[in-house]
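> Build out the structure end to end from the sequences listed, making use of the hints.
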Amino acid sequence: MSFDPGVWLAAILTLCIFSFLYKDNPFYKFAEHLSVGVSAGYYLVVLIRQTLIPAFVNPLMAGYWHVVPELPRSFGIFLLIFPVFMGILLFARFSRKWAYVARYPIAMIWGIGSGVVIPLVLQNHVIRQLQATMVPITVQSWADIGNLFIAVGVLTGLVYFFFSKEHKGLFGGTAKVGIWILMIGFGSTFGFTVMARVSLLIGRIIFLMKDWLGIIG
Amino acid sequence: MTFFEKITLIDRRIVFIVIALAVIIPLLLRVDLPIKVTPEVKKVYDIIDELPPGSVIVMPCEYAPDTMAELEPMLFAVLRHCFRKDIKVIGCLFFPTGVKLIEQEFKQIAEEQGAVYGEDYVLLGYRPYPAVVIMSMGQDFRQSFPEDYYGTSLDALPMMKGVKNYDDTELVLTINATSGVDFWLIYGRERYGFRYALGVTAVMAADYYSYLNSGQVEGIIGGLKGAAEYESLIDYGDLATMGMSIQSFVHIVIVLFIIIGNVGYFASRGKQRGRR
Numbered sequence: 001m002s003f004d005p006g007v008w009l010a011a012i013l014t015l016c017i018f019s020f021l022y023k024d025n026p027f028y029k030f031a032e033h034l035s036v037g038v039s040a041g042y043y044l045v046v047l048i049r050q051t052l053i054p055a056f057v058n059p060l061m062a063g064y065w066h067v068v069p070e071l072p073r074s075f076g077i078f079l080l081i082f083p084v085f086m087g088i089l090l091f092a093r094f095s096r097k098w099a100y101v102a103r104y105p106i107a108m109i110w111g112i113g114s115g116v117v118i119p120l121v122l123q124n125h126v127i128r129q130l131q132a133t134m135v136p137i138t139v140q141s142w143a144d145i146g147n148l149f150i151a152v153g154v155l156t157g158l159v160y161f162f163f164s165k166e167h168k169g170l171f172g173g174t175a176k177v178g179i180w181i182l183m184i185g186f187g188s189t190f191g192f193t194v195m196a197r198v199s200l201l202i203g204r205i206i207f208l209m210k211d212w213l214g215i216i217g
Numbered sequence: 001m002t003f004f005e006k007i008t009l010i011d012r013r014i015v016f017i018v019i020a021l022a023v024i025i026p027l028l029l030r031v032d033l034p035i036k037v038t039p040e041v042k043k044v045y046d047i048i049d050e051l052p053p054g055s056v057i058v059m060p061c062e063y064a065p066d067t068m069a070e071l072e073p074m075l076f077a078v079l080r081h082c083f084r085k086d087i088k089v090i091g092c093l094f095f096p097t098g099v100k101l102i103e104q105e106f107k108q109i110a111e112e113q114g115a116v117y118g119e120d121y122v123l124l125g126y127r128p129y130p131a132v133v134i135m136s137m138g139q140d141f142r143q144s145f146p147e148d149y150y151g152t153s154l155d156a157l158p159m160m161k162g163v164k165n166y167d168d169t170e171l172v173l174t175i176n177a178t179s180g181v182d183f184w185l186i187y188g189r190e191r192y193g194f195r196y197a198l199g200v201t202a203v204m205a206a207d208y209y210s211y212l213n214s215g216q217v218e219g220i221i222g223g224l225k226g227a228a229e230y231e232s233l234i235d236y237g238d239l240a241t242m243g244m245s246i247q248s249f250v251h252i253v254i255v256l257f258i259i260i261g262n263v264g265y266f267a268s269r270g271k272q273r274g275r276r
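In the order they appear, the protein sequences are chains A and B. So the first sequence is numbered by my numbering: it starts at 1 and just counts up by one. So the second sequence is numbered by my numbering: it starts at 1 and just counts up by one.
Be careful, since some hints might not be right.
Claimed, not checked - Partner residues aside, some chain B positions facing chain A, computed with beta carbon under 7 Å:
1) THR97
2) THR201
3) ALA205
4) ALA206
5) TYR208
6) GLN216
7) SER232
As the list claims (entries may be wrong) - Straight-line alpha carbon distances no greater than 25 Å define the calculated SDA-like cross-link-like pairs of lysine to any residue that follow:
8) B:LYS164 x A:PRO54
9) A:LYS176 x A:PHE149
10) B:LYS36 x A:THR193
11) A:LYS23 x B:ALA110
12) A:LYS29 x B:ASP66
13) A:LYS168 x A:ALA151
14) A:LYS29 x B:ILE19
15) B:LYS107 x A:LYS168
16) B:LYS161 x A:ASN58
17) B:LYS36 x B:ARG80
18) A:LYS176 x A:GLY157
19) B:LYS43 x B:ALA110
20) B:LYS36 x A:GLY185
21) B:LYS43 x A:ASN124
22) B:LYS85 x B:VAL163
23) B:LYS161 x A:PHE56
24) A:LYS165 x A:SER188
25) B:LYS42 x B:LYS161
26) B:LYS164 x A:PRO59
27) A:LYS29 x B:SER55
28) B:LYS107 x B:ASP168
29) B:LYS100 x A:VAL45
30) B:LYS42 x B:GLU218
31) B:LYS100 x A:PHE30
32) B:LYS36 x B:ILE252
33) B:LYS107 x A:ASP211
34) B:LYS36 x A:LEU200
35) B:LYS107 x A:ILE206
36) B:LYS36 x B:ILE25
37) B:LYS100 x A:LEU208
38) A:LYS210 x B:SER248
39) B:LYS42 x B:SER55
40) A:LYS176 x B:SER210
Keep in mind that the hints were calculated from the coordinates and are not lab data. Where is the CB? At the ideal position from N, CA and C, for every residue including glycine.
In structure tokens:
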């Protein structure tokens, strides 16, 4: 059995969380609230120590303003201070009188974000995926059968989501194949989800039996 | 109440106890089952295995203790492989609550394999909003990370000499439990064209197989099973190998419960129709 207080604390909190499987109780509530509080505090400390200090305070104090060496020094200072200034403006939301000021950094985030995201997302999630469905359909090998399945799956799935025509006759039959394809997809996702959740349980039980109790080597 | 109606109403706590026993008993008996390696995991292994010694790879790690059970064995296996092959690793930390955890994991495997910080691996610190960071890393790692996790200038680290951006690295392999996978795909892979592979939780794996098919992702290590496959490839059975044997027993129990539930449902439904 472990003599490490940290391991004991982790083990007791794990059991507190597992106690919810019987029914809701104060031990579970305590562990849950502790987890939320510690995570929030930890997040804040990491943000200050790993981001604010090395990326803003240290360069400012050391005069290391040439974040981009190719640009003039004055622009380097601007690149360092302007994002922090815009970030501070977000806090204006707490004042009724000055709340509108917070819209400027939000507008900047949305504008730049959309400009960068839209073309890249279209390219990644739509065009490249469309290209991947445009595959040669022959029946010479197992890979070809996979290609055929991709083509049939995409077409019938799209037909199922076409609601401007009633799902009857040949169209309805195709849509039905589409829903079966979707169900197979959901089934595989559910299978992966079960596997993931069981993995987490196994991880905790290995911790309790190996690191805490020392029953297994 | 008939027998079939009763079996559809088994108390959930009994189900939990049976599942717990299905984990504990094989763990105590140490039953090892064979692990079959899938092509998507083998591909990740092959990419790393074929790199010449001294090559640099980027490993963004985005997970916290809640998904550690699945992703820690994966990180351990890949790091062991890299350090054995003298592949240099740049670790990035993008998930705030996992920062210390991942730092400890890197340190543990480095000590085990005799890897030296600054020469064999480097940990970049945490930065928020990965999209911007990923794009700036494409220009120069130093733009977002003038200093490493420990506050040392990147220029002072021997491993980082001559490593400016993704062009100087051979692969980006993210060990990830967040939407960060998409960020690396959209803002990194698409924009800078680097080789990209994933190590993700099993829940996420199903979503990314379409990217494997389209060639946007070169390989996927999915969940504890993927980690166990990687462990078998590097011939170092550890947590994932132990976990996957247990997993198989739990799956059998879950399948049995599904069968029992369905038999009970259909049989009791038939009886109810008969009564009407």
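> Each hint: holds or not?
A quick look at each hint next to the structure:
no.: 1; hint: THR97; result: holds, 5 Å
no.: 2; hint: THR201; result: holds, 5 Å
no.: 3; hint: ALA205; result: holds, 6 Å
no.: 4; hint: ALA206; result: holds, 4 Å
no.: 5; hint: TYR208; result: violated, 11 Å
no.: 6; hint: GLN216; result: holds, 6 Å
no.: 7; hint: SER232; result: violated, 17 Å
no.: 8; hint: B:LYS164 x A:PRO54; result: holds, 19 Å
no.: 9; hint: A:LYS176 x A:PHE149; result: holds, 15 Å
no.: 10; hint: B:LYS36 x A:THR193; result: holds, 20 Å
no.: 11; hint: A:LYS23 x B:ALA110; result: violated, 43 Å
no.: 12; hint: A:LYS29 x B:ASP66; result: holds, 17 Å
no.: 13; hint: A:LYS168 x A:ALA151; result: holds, 22 Å
no.: 14; hint: A:LYS29 x B:ILE19; result: holds, 24 Å
no.: 15; hint: B:LYS107 x A:LYS168; result: violated, 62 Å
no.: 16; hint: B:LYS161 x A:ASN58; result: holds, 22 Å
no.: 17; hint: B:LYS36 x B:ARG80; result: holds, 20 Å
no.: 18; hint: A:LYS176 x A:GLY157; result: holds, 9 Å
no.: 19; hint: B:LYS43 x B:ALA110; result: holds, 24 Å
no.: 20; hint: B:LYS36 x A:GLY185; result: holds, 23 Å
no.: 21; hint: B:LYS43 x A:ASN124; result: holds, 22 Å
no.: 22; hint: B:LYS85 x B:VAL163; result: holds, 19 Å
no.: 23; hint: B:LYS161 x A:PHE56; result: holds, 24 Å
no.: 24; hint: A:LYS165 x A:SER188; result: violated, 30 Å
no.: 25; hint: B:LYS42 x B:LYS161; result: violated, 31 Å
no.: 26; hint: B:LYS164 x A:PRO59; result: holds, 19 Å
no.: 27; hint: A:LYS29 x B:SER55; result: violated, 49 Å
no.: 28; hint: B:LYS107 x B:ASP168; result: holds, 24 Å
no.: 29; hint: B:LYS100 x A:VAL45; result: holds, 12 Å
no.: 30; hint: B:LYS42 x B:GLU218; result: holds, 10 Å
no.: 31; hint: B:LYS100 x A:PHE30; result: holds, 24 Å
no.: 32; hint: B:LYS36 x B:ILE252; result: holds, 18 Å
no.: 33; hint: B:LYS107 x A:ASP211; result: holds, 19 Å
no.: 34; hint: B:LYS36 x A:LEU200; result: holds, 21 Å
no.: 35; hint: B:LYS107 x A:ILE206; result: holds, 22 Å
no.: 36; hint: B:LYS36 x B:ILE25; result: holds, 23 Å
no.: 37; hint: B:LYS100 x A:LEU208; result: holds, 21 Å
no.: 38; hint: A:LYS210 x B:SER248; result: holds, 20 Å
no.: 39; hint: B:LYS42 x B:SER55; result: holds, 19 Å
no.: 40; hint: A:LYS176 x B:SER210; result: holds, 22 Å
In this structure, the hints that do not hold are numbers 5, 7, 11, 15, 24, 25 and 27, in rising order.
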